[in-house]
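Undergrad: For the sequence shown, the residue numbers in our numbering are 721 to 1000.
Rather than coming from a laboratory, the hints here were simulated on the basis of the structure.
Each hint should be verified, as a subset may be incorrect.
What the hints assert, rightly or not - Here are the in silico distance ranges between beta carbons for each label pair: (1) Gln957 - Ser805: 26 to 32 Å; (2) Thr792 - Thr956: 26 to 32 Å; (3) Gln827 - Met899: 37 to 43 Å; (4) Gln827 - Arg995: 32 to 38 Å; (5) Gln833 - Gly970: 37 to 43 Å.
Said to hold, decoys possible - Computed cross-link-like contacts, EDC-like style, restricted to lysine to aspartate or glutamate with a CA-CA straight-line distance of at most 20 Å: (6) Lys784 - Glu845; (7) Lys725 - Asp860; (8) Lys905 - Glu951; (9) Lys725 - Glu795; (10) Lys862 - Glu882; (11) Lys784 - Glu841; (12) Lys862 - Glu797; (13) Lys870 - Glu906; (14) Lys868 - Glu921; (15) Lys784 - Asp801; (16) Lys784 - Asp837; (17) Lys862 - Glu951; (18) Lys879 - Asp934.
Using N, Cα and C, we set each Cβ at its ideal position, and we do this for glycine too.
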Amino acid sequence: MALAKAFAPGKVILLGEHAVVYGHPALAGPLEQGVTVTLEPREAGGVSIKGHEGLSAIVHAVRKCAHAFHLTNIEVEITGDLPQSVGLGSSAAVSVALVRAFASAAQINMRPQGLLDRAMELELEFHGAASGIDHNVAFDRKLIRFIKAKRGQPVILPKNVEAVVWVVEPRGSTRERVMALGSLKESNPERCERIFASIGELSDRAVEALEEGDLRAVGQAMDTNHRLLQELGLSTQGLDRACARLRSMGAYGAKLTGVGVATLGAEGHRAFVARWEATP
């Protein structure tokens, strides 16, 4: 019988990625796909992770979590339908699900901020640094406006909203893109900051449009955000073609997100779907 089980979703950033790292607002929400962590008793002692051996980031994160909650004789199973290394928040989902499961197994009633802080600490095992947006989405499981070092603010939705994420091959690396952007910012800080500020303004414009139920305006903001990311050298021909195709299929807007494509209001092949219900 399981000692504890916890689920955390992946995330999609509709607007504001990269700029959010430098203190500008972003708009993001949970996917239906995510990660489940199951903890079971283990007679052999110690901490075991099914399917993971050696010194991987996941192994380090699990051991760090077990030590923090003073648990041993545990077998950990991590399952889910969220693709890894595509910028959909898989490591944050693992971190949040791990913390929730271990806190439950240890019968520790932590405050939400304490759980979130623990999950952020685990993220260091995967990326070394993070804005916090992935964890806030995985933790709150809501569409939020987010600024670095602050808790996310829920977006009030007058009607249901649906977004579709296409994973476009070949995939890139979030860490590599962040490093490349950091180098560009060092060489041309004024240009980068001007673009980041524009992206932040688009994020706020999209939040206002969502709260007014104007999905076309949200789509227009996404399209403009994509063009700004192109200026930063963060897109590819494959991503650009995918965005153009989705717009031709009736999407209100489309842009790169992570290393895939997010689109508002269009169905797609091999897609991950995010649905956010109207606020009661």
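Undergrad: Confirm or reject each hint.
TA: To see whether the hints hold, each was checked on the structure:
1. Gln957 - Ser805: 26 to 32 Å: Cβ of Gln957 to Cβ of Ser805: about 20 Å, so the range 26 to 32 Å is violated.
2. Thr792 - Thr956: 26 to 32 Å: Check failed, 46 Å falls outside 26 to 32 Å.
3. Gln827 - Met899: 37 to 43 Å: holds (41 Å)
4. Gln827 - Arg995: 32 to 38 Å: This hint holds: roughly 34 Å between Cβ atoms.
5. Gln833 - Gly970: 37 to 43 Å: For Gln833 and Gly970 the Cβ distance comes to about 41 Å; the hint holds.
6. Lys784 - Glu845: holds (9 Å)
7. Lys725 - Asp860: The hint holds at about 17 Å.
8. Lys905 - Glu951: holds (13 Å)
9. Lys725 - Glu795: Roughly 12 Å separates the two Cα atoms, so the pair holds.
10. Lys862 - Glu882: Distance ~13 Å between Lys862 and Glu882 Cα, so the pair holds.
11. Lys784 - Glu841: holds (9 Å)
12. Lys862 - Glu797: With a Cα-Cα distance of about 26 Å, the restraint between Lys862 and Glu797 is violated, given a limit of 20 Å.
13. Lys870 - Glu906: The given pair, whose Cα atoms are some 25 Å apart, is violated under the 20 Å limit.
14. Lys868 - Glu921: holds (15 Å)
15. Lys784 - Asp801: With a Cα-Cα distance of about 24 Å, the restraint between Lys784 and Asp801 is violated, given a limit of 20 Å.
16. Lys784 - Asp837: Roughly 14 Å separates the two Cα atoms, so the pair holds.
17. Lys862 - Glu951: Not satisfied, since the Cα-Cα distance of roughly 30 Å exceeds 20 Å.
18. Lys879 - Asp934: Holds, because 10 Å separates the two Cα atoms, which is no more than 20 Å.
Against the hints set out earlier in the document, violations occur for numbers 1, 2, 12, 13, 15, 17.
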